[in-house]
Amino acid sequence: MKTEKTKEAKKGVLKRIAGPVVTAVNLDAHMYDVVKVGNEALMGEVIKIQGNNTIIQVYEDTSGIRPGEPVINTGLSLSVELGPGLLTSIYDGIQRPLAVLVEKMGNFIERGVSAPGLSHTKKWTFKPLVKAGDKVEPGAILGEVQETNIVHRVMLPPNVKAGVVKTIRSGDFTVDEIICTLEDGREYPMIQRWPVRVPRPVREKKNPTIPLITGQRILDGLFPIAKGGTAAIPGPFGSGKTVTQQQLAKWSDAEIVVYIGCGERGNEMTEVLTEFPHLEDPKSGKPLMERTVLIANTSNMPVAAREASVYTGITIAEYFRDMGYDVSLMADSTSRWAEAMREISSRLEEMPGEEGYPAYLAARLSEFYERAGLVETLNGAAGSVSVIGAVSPPGGDFSEPVTQNTLRIVKVFWALDAKLSQRRHFPAINWLNSYSLYLDALHDWYDKEVSPDWNKIRSWAMEILQKEAELQEIVQLVGSDALPESEQVTIEVARMIREIFLQQNAYDAVDTFCDMKKQYDMMKAIKLFADLAYSAQLAGVSPTQINTIKAKNELPQIKFIKDYKPELAKIEKEMDAEFNTLRSAA
Amino acid sequence: MKEYRTITKIAGPLVFVEKTEPIAYGELVNIVLSDGTIKRGQVLDTSDELVVVQIFETTTGIGRDSGVRFTGETIKMPVGREMLGRILSGGGKPIDGGPEIVPEKRLDITGAAINPYARGMPADFIQTGISTIDGTNTLVRGQKLPIFSGAGLPHNNVALQIARQAKVPGSTESFAVVFAAMGITKEEANYFMADFERTGALERAVVFLNLADDPAVERIITPRLALTTAEYLAFELGMHVLVILTDMTNYCEALRQIGAAREEVPGRRGYPGYMYTDLACIYERAGMIKGLKGSVTQIPILTMPGDDITHPIPDLTGYITEGQIVISRELHRKGIYPPINVLPSLSRLMNLGIGKGHTREDHKKVSDQMYAGYAEGNDLRGLVAIVGKDALSERDRLLLEFADLFENRFVRQGYDEDRTIEDTLNLGWDLLATLPVEQLTRIDRDLINKYHPKFRAGAKKE
Ligand SMILES: Nc1ncnc2c1ncn2[C@@H]1O[C@H](COP(=O)(O)OP(=O)(O)OP(=O)(O)O)[C@@H](O)[C@H]1O
Ligand SMILES: Nc1ncnc2c1ncn2[C@@H]1O[C@H](COP(=O)(O)OP(=O)(O)O)[C@@H](O)[C@H]1O
Ligand SMILES: [Mg+2]
Ligand SMILES: [Mg+2]
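Quick note, the sequences are listed as chains D and L, same order.
Following the working numbering, the numbering of the first sequence begins with 1 at its first residue and continues without gaps.
Following the working numbering, the numbering of the second sequence begins with 1 at its first residue and continues without gaps.
For lysine to aspartate or glutamate, the following EDC-like pairs were computed, each having C-alpha atoms within a straight-line distance of at most 20 Å:
(1) D:550 x L:394
(2) D:11 x L:48
(3) D:419 x L:376
(4) D:565 x L:444
(5) D:527 x D:572
(6) L:356 x D:275
(7) L:290 x D:103
(8) L:290 x D:110
(9) L:290 x D:275
(10) D:550 x L:446
(11) D:562 x L:444
(12) L:356 x D:508
(13) D:562 x L:361
Computed far set for chain L versus chain D, every beta-carbon distance over 12 Å:
(14) 1
(15) 170
(16) 189
(17) 417
It should be emphasised that the hints constitute simulated quantities derived from the structure, not laboratory data.
Ideal placement from N, C-alpha and C gives every residue a C-beta, glycine not left out.
Same shape as in the complex, but just chain D:
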């Protein structure tokens, strides 16, 4: 009886509809409550309360909705379903599985169809890891399910009291069936729901010390991101944001990947869907799709759901982190998310901040990136969420608010450069403007895991590139022949670093991924050439002669060879011999 009454009180009436933002009256609501709008019960979320008026952003197209139609408050916050079945899924911004939507409404996205994030009929084999009498803390691992090749650890929700296990079941269950009962009578299924705008709690945040190895030379070699770190990749259109993000989704050594296509192209999501099942994780040898969750709210899908998509994605990422996994999350593009905020804000007639963005833009961005991190989870495991956000500045101008506010937060900056992409230098990451603030934290790891001289070689390469930029200014005025001979050698070495080491073709079957060992060997070979060249030059060999060294021209081929070692050794030997000949002639 009582519940009936509260339900009644929660019903309001639509007063105004103007695009994705609608106003209801007489609705008993709290901020961020999820509501059902109109006769078709479209999903929406309360974003402003003003006297008797409740302003709602609607996650679906509002055409055809009229004033006077009902609005019902669910009393819940926008939440995602967490449990077995997330992996390999593709969702829209509010966790509706796109595959289920195709079944329910065909090839085009119509509206008014709800679909739960997880299958509630599929049975999963649950294997308990606690027994009756065990004390379980919030976030404790109760058992596991072999979800794909990934083990899904089923946990006690993080926001409940500790308790003592009374019964724990083993066998095949749907996500809704009770698998664990506590002494105090509380019962838990495998599924948990979590409000997307609230970060999931952890025991402790730690400082990252291990790089996220991506197989991309300019990233791992020059500007690495740590596991649990944050990076931004801004660039004008066509400069390589998406390809770089997809490369990270494919090859980074994260255990779980969450890829958010936020307000971007439909075909790009299709590309991931088509490709990933056929690509192998270089570590596990299993299809990449098995460790991946995709969120696709493309540019032509409702803008309010686009706003929600990044929260949906990061909540799923946190959930896998809580199991002790290293998760990496790519958001392409955070600018479209910011624009969704701007669009909603302007419909609310809020006082605009810089370039029309709401005044809370900076706060939202930093709250989002703060959800990244290396943590000790509630159950004591080590897990991490690394966040890599693409930024799409209007006109490619980095001085705009989204880029600037992002750069104030993130620790790694991969600056894409239209000039480089136009000459098809890929990845078009500008080596002079980019930076990583993790270099010191990762120093020891590179020292131990790659080579004791790696950090030195890295600094050497950066110096050469820096020097080249200065020399180029002179060359632009007087031509390269006017440079002193040793500097002509520097120019040549810098070219080799750029063309051999930095350029990496994402579409080449071999070069798409380059492990740290090969990166080291390649840079070492360039360094060898440089050392030989400088000393030959001192011995009187001219730069023109140095440029005739054949072995140097063989070096780029190493990129395309999988078992490159024998070839590389041969090239290095020839290089040495050729220099000897030149030197003895001089």
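For this one, chain D is given, so just place chain L with the ligands on it according to the hints.
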């Protein structure tokens, strides 16, 4: 149907109506003038007090005495097979003197988003016969590839040449062209129509014409009508449809005009903040669908105000489309046709449609190598202007020559010259052969041995 006479305000293309029954957001509205003329509009904002209607024609003649009829449904487009060969106004009415279209279906012009899960991956190479497109910025079926141009440049010729020559080698599937003009001059329109007639393309075309002196706000619906038609032909009749939209700049101006009339907070350079989303709802209506036969390929044309590629119209377009073909004033001045500047041009779907099984195994690497050479040679032109040719190294001198050769032989071709992809790639190799082999660092040794003229010739002699 109830008719209201409660118009309280008319501002620009907007009409404000009071004291109505509950009116649906987005519904189609007919405004009835005293002489019986009917003007169409759409509900932009609805509340129990006031309804805001955006009119798609001029507001001339609309007054507080005009009648307002709310139709209760969103705007629909009658479509049918018979539309092929017809010329319609920018509002979808026949203007070729022929009969009304007998609709097989009436479709919502807004067009729902294709579920990304239902999309098929575009991968069929379209040969346009233009080297700078086929060789270095390949178009594939289901792609949206705009032409970025400037006032007075021959973008129309390029678009027509593509429409005329486009074919999928070895395929005999049925195709159609949907052409939508927004705010172009009568003369330009005639130019397109004459070419369509000359080549017989008109039979397989549906033409929508909103000309420069037609109402600007009608331009808001013209591309939507065109794309609704295209989707019908593609996904219900199984045709491969090429959609040409020109000029998107005029469309965006109309969008800005409506934003201003609504007194919205403007975004960059006065264009509405939602222009990205709005344009996306047009451009994303291209593609293929798994399990269906047809496809929609879009070639929107836009003129960049002040030739500025960072202007919001090309900028937002480039962020949505799958690349762009950039027409260059400099090449045009040099007398080169088609004056396509490959450096800022891009086809993002190129990699899916080229290579073994599509075009030829060496395609990608040849293209990359030509880009690298042309970009570097082009940069050197600036240097030569300062220090003179003599100060250049041998390497640089060859690159400089390569840039000239590239423009004169690869870029330049005839308006009716239809090059096969083999011609284009072989031409590329001929040009690359002017550079020292060691400099071709983007190409694997195997491909060089197989395709480089020097080795090919050598192999023949043996
Ligand atoms: N062949 C190349 N491959 C990769 N990068 C290159 C190459 N040549 C130049 N660059 C880089 O491209 C960037 C821009 O170079 P450039 O000197 O042409 O422009 P700039 O001096 O920045 O001109 P502006 O003042 O117009 O911005 C520099 O970082 C330069 O090192
Ligand atoms: N690492 C890379 N290797 C080869 N090509 C690349 C690479 N990165 C980008 N590209 C090329 O650049 C194009 C545009 O890249 P994309 O990531 O879509 O740009 P953005 O997302 O910045 O608009 C791609 O279609 C591809 O042709
Ligand atoms: Mg992109
Ligand atoms: Mg761990």
